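Chains as they are written, first to last, in the numbering used here: chain A, 649 to 1052; chain B, 649 to 1052.
Hint data in this document are derived by calculation from the structure and do not stem from the laboratory. Among the clues, some could well be false.
Pairs involving identical chains hold if they fit within one copy or between any two copies, as the list cannot separate such chains.
Below 20 Å or equal to it, Euclidean Cα-Cα: the simulated DMTMM-like pairs (lysine to aspartate or glutamate) are [as the list claims (entries may be wrong)]:
#1 Lys845 to Glu976
#2 Lys845 to Asp972
#3 Lys758 to Asp722
#4 Lys985 to Glu943
#5 Lys650 to Asp739
This structure is a prediction, so every number in the text was calculated from the model and none was measured.
Number of protein chains: 2
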Amino acid sequence: MKICVLGGDGYCGWATALYLSQRGHSVSIIDNFARRQWDYELGVQTLTPIRPLAERLRVWQQLTGNVIELYVGDVTDYDFLASAMQSFEPDSVVHFAEQRAAPYSMIDRKHAVFTQVNNVVGTLNLLFALRELQPDCHLVKLGTMGEYGTPNIDIEEGYIEIEHRGRRDVLPFPKQPGSFYHLSKVHDSHNMMFACKIWGLRATDLNQGVVYGTTTDEAAMDEALINRFDYDEVFGTVLNRFCVQAAIGHPLTVYGQGGQTRGFLDIRDTVRCVELACLNPAAPGECRVFNQFTEQFSVLEVAQLVQTAGHKLGLAVEIEHMPDPRVEKEQHYYNAKHSKLIDLGLKPRYLSDSLLDSLMNIALEYRERIDSSVLLPQVNWRSGANERKRQVALTEVAALAGGR
Amino acid sequence: MKICVLGGDGYCGWATALYLSQRGHSVSIIDNFARRQWDYELGVQTLTPIRPLAERLRVWQQLTGNVIELYVGDVTDYDFLASAMQSFEPDSVVHFAEQRAAPYSMIDRKHAVFTQVNNVVGTLNLLFALRELQPDCHLVKLGTMGEYGTPNIDIEEGYIEIEHRGRRDVLPFPKQPGSFYHLSKVHDSHNMMFACKIWGLRATDLNQGVVYGTTTDEAAMDEALINRFDYDEVFGTVLNRFCVQAAIGHPLTVYGQGGQTRGFLDIRDTVRCVELACLNPAAPGECRVFNQFTEQFSVLEVAQLVQTAGHKLGLAVEIEHMPDPRVEKEQHYYNAKHSKLIDLGLKPRYLSDSLLDSLMNIALEYRERIDSSVLLPQVNWRSGANERKRQVALTEVAALAGGR
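Chain A with its partners taken away, still in its complex shape (with noise of 0.2 Å):
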């Protein structure tokens, strides 16, 4: 099978695109390394030391025999998706090309609106490219779960039958998406519903959870091929970011009571979801929705395990609870349905020890790389405006440079 992975240098991305080539895909990359340059805008690195996208190319070519083509270019250029497009001409593809981070959307104006043109735009210009170029071609499009917020009813998968005053109908599940960067993802999915709807296109929307982990097996197979591992406060995934507190002695930073719950799941998870959405496609004119986690835990919870597994290791691993810069609820119900993955196929690895012992271990051979000043949070929801503390912040970098 043919797939093109949209934003195949990013955290999902880069593994997706491996484990599909070493299942004997034939893939491609597009990608515009924004992810990169947002590591540079804010003063952070990933934990692992990333190669350039030529030279994992490269390495992968050279271990497994297997070229992945590279675009490097903007989705939101038309003429260069097209272009790439109709140069592969893929049966699927994977749509992970978008700014992903809420606390990034939520930094000020221009962040909330870069975040939604960008992926607002991307993702039209995708459907566009489809119905104009490929529009057999089945749309794997990176959803999440927190297009839905925190409903007082369970969620279900994308859609909901509702019955109303002696009628009923299924209709799109209601959303309340908690940053500018989940509403783009809302936007997203509408748009989506109505391309599906006028033109027959195909797509799978994956509502995916928090992810954690870094490795693969196919990332683990040269030190060249290491996948990014965020832990600073506006790109890093909570459990990530747990475990890089718990190696270095730093406090867990649970927001508010920890009560919020969301659905996880590993990163070898996430992989395998998307080769089953691409080895079952939609039907033509069907936007079909999975939510893509395999298990629910509050932010406490998440912190009690790295907490148990530090202690495992002997590190002292301390809790601490620090005011909500998101505008959340810190106790609510929280029943998500996951069901459809799992009819396909998908045999869930849940957290385990062991998996966060890897974790942490990461973590501790990457030690002399963490930053600690990039660990708390500077975005907070209410500001509307974060550029002048980031601004202090860069200022304080300056000063310490000139300085020294």
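With the hints as your guide, set chain B onto chain A.
Same frame as chain A, but now just chain B:
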């Protein structure tokens, strides 16, 4: 009350600005004349000869002594918007400043992307400007009944109580918009709900039905104040278009079976609804939704009303069914609630013979300005790219011009 009308040079915006000014409010207009530009682009013009805004405002001041302040600029330009907000310091902002034609958004990719970026960024900018500069100002935002689509259950006003597997919650009403334009309004709605929640802003989302009519008491005071009357396939709303067709003996063009049922209202009720919303602001943190229409009709019923009115005026009016250029249900259940504005005091003006007579008389009065070539639908929802047809049409115009 100080009220700023964004998009105050447009169809609903102009009528609203005059009405609010006449009612004693201190009114300002923000406009970038985009609406006039789109007429040039499409090669169409309003049936009524509207004057430049500067002239309209001068005449209004001469007639009434009321000054309407004007800020010329684009709401997608944050610096401009912020400086206008700082200068005028409104109590309410009425936001009409969006691209509002579904067919325009469906012309091709560029028009779809333009519509969504223009509308979403303008509204995001406004939310951030209010947060930063006027956090207590009440945002009155024009949404559309088209956000809901045509579900098989009753349409509530913005939110619906759902009982699901033994639990209950009040959630945003599921949206199934039918064009990239309608989608842009759904995106706006989600962004607004979030901004009210995290920043405590106060907003009213007016999900307006199809507006008809052109005359208001204020616009009727002088021909220089006349409002626009769009009848072309892109910007013309259906009742106005049917009246023009009847006036020139063109069959009324009903798309498909004509069972498409929508909410309608008189433009004289639009302006009253907006004032009612301003006078009864939402609470801080509240994003309330009013369904702003007074009657439901199917498209075929509207055609039959115009036919009857035409017969009374001695006009032979035929109804022609043509293939529906849109992707929509041609027969469906439709029952939308609309009691909240009535609870606030709206006394609906129902579509009557006399209103239809006056509309038809306007169409007859300006009959020589009617261009019958712009009545038939050229924008097709299924094609994804209608720019070629338009280019052909323009080429024909060029050939004609050259041949003269």
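Each hint, compared with the structure:
no. : hint             : in the structure
1   : Lys845 to Glu976 : between (33 Å within a copy, 10 Å between copies)
2   : Lys845 to Asp972 : between (40 Å within a copy, 15 Å between copies)
3   : Lys758 to Asp722 : both (19 Å within a copy, 16 Å between copies)
4   : Lys985 to Glu943 : within (10 Å within a copy, 40 Å between copies)
5   : Lys650 to Asp739 : within (5 Å within a copy, 57 Å between copies)
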